[in-house]
Amino acid sequence: AQTVTQSQPEMSVQEAETVTLSCTYDTSESNYYLFWYKQPPSRQMILVIRQEAYKQQNATENRFSVNFQKAAKSFSLKISDSQLGDTAMYFCAFMKPFNAGNMLTFGGGTRLMVKP
Amino acid sequence: SQTIHQWPATLVQPVGSPLSLECTVEGTSNPNLYWYRQAAGRGLQLLFYSVGIGQISSEVPQNLSASRPQDRQFILSSKKLLLSDSGFYLCAWMSKSTDTQYFGPGTRLTVL
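Residue numbers (this note's numbering), protein chains in the order written: chain P, 78 to 193; chain W, 13 to 124.
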């Protein structure tokens, strides 16, 4: 079974600064997907970024980028130019494609506070 | 574009009462559908998923059940609620072509 670990329960960053959230996972699979989801105070889960394991290029979405290290099984999220609206819980998630149901395995989350 | 709806948004129910939460998806066909529960300050627990009409898989044995009467409708039910059923319930859909799950706005359930 796959496991996802987020070792930072809470983090804070000053507005306009850059912050990196850590995520490690354990799997014996070679083909899989990794995701970062954001959960603001409204509690709706919002997809931030998606990475396919067979792609060496790190995914980027505007101010959000990842550092995907497949050999190290590490998938960190970098938020540049942090904004107050980035304050949220962030969850890292793993998916093995083509399995029954394409289920996500989530990490425990990191609470990010952006300070003015 | 695709949208996902959940209702009600908030629900307060007494112990022992029945439950029905509804999730519908628009703008897609034959999606995978999922029910998750999230306790306060915790991660997500997958409860049920469905890969097609009438096909339900349960991940956690409990007093909840799920049904998928139509392609884009997913219902979470209980005959008798327990205090431990309180939490935030999220529905999600996944396009089989993208392998990415998208979540609804959620339902906050409080059992008293």
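Calculated directly from the structure, the hints in this document are not laboratory data. Ideal Cβ placement from N, Cα and C applies to all residues, glycine included. Please note that a few of the clues may not be correct.
Just some of the chain W residues that point at chain P, by a computed CB distance under 10 Å [claimed, not checked]:
| no. | residue |
| --- | --- |
| 1 | 57 |
| 2 | 66 |
| 3 | 74 |
| 4 | 75 |
| 5 | 78 |
| 6 | 79 |
| 7 | 81 |
| 8 | 83 |
| 9 | 84 |
| 10 | 111 |
| 11 | 115 |
| 12 | 116 |
Now for the hints, and whether the structure bears them out:
Look at residue 57(W): its Cβ gets to within about 9 Å of chain P, closer than 10 Å, so that hint holds up. Residue-level restraint check for residue 66(W) is violated (minimum Cβ-Cβ distance to chain P is 15 Å; threshold 10 Å). The criterion of a C-beta within 10 Å of any C-beta in chain P is not met by residue 74(W), whose closest approach is roughly 17 Å, and the hint is violated. For the restraint placing residue 75(W) at the interface with chain P, the shortest Cβ-Cβ distance is roughly 22 Å, beyond the 10 Å limit, so the hint is violated.
Below 10 Å, beta-carbon pairs count as interface contacts, and residue 78(W) has none with chain P, the closest being about 13 Å; its hint is therefore violated. Hint status for residue 79(W) relative to chain P: violated, with the closest Cβ pair at about 16 Å, above 10 Å. Nearest Cβ of chain P to the Cβ of residue 81(W): about 19 Å, over the 10 Å cut. The hint is violated. Restraint check, residue 83(W) versus chain P: the minimum CB separation of about 16 Å is more than 10 Å; hint violated.
Among the interface hints, the one on residue 84(W) is violated; its C-beta lies about 17 Å from the nearest C-beta in chain P, farther than the 10 Å criterion. A distance limit of 10 Å between C-beta atoms decides the matter here; for residue 111(W) the minimum to chain P is near 5 Å, and the interface restraint holds. Given hint, residue 115(W) at the interface with chain P, holds; its Cβ is 4 Å from that chain's nearest Cβ, closer than 10 Å. With 10 Å as the threshold, the beta carbon of residue 116(W) comes within range of chain P, its nearest partner Cβ sitting at about 7 Å, so the hint holds.
Hint violations for this structure: numbers 2, 3, 4, 5, 6, 7, 8, 9, all remaining hints satisfied.
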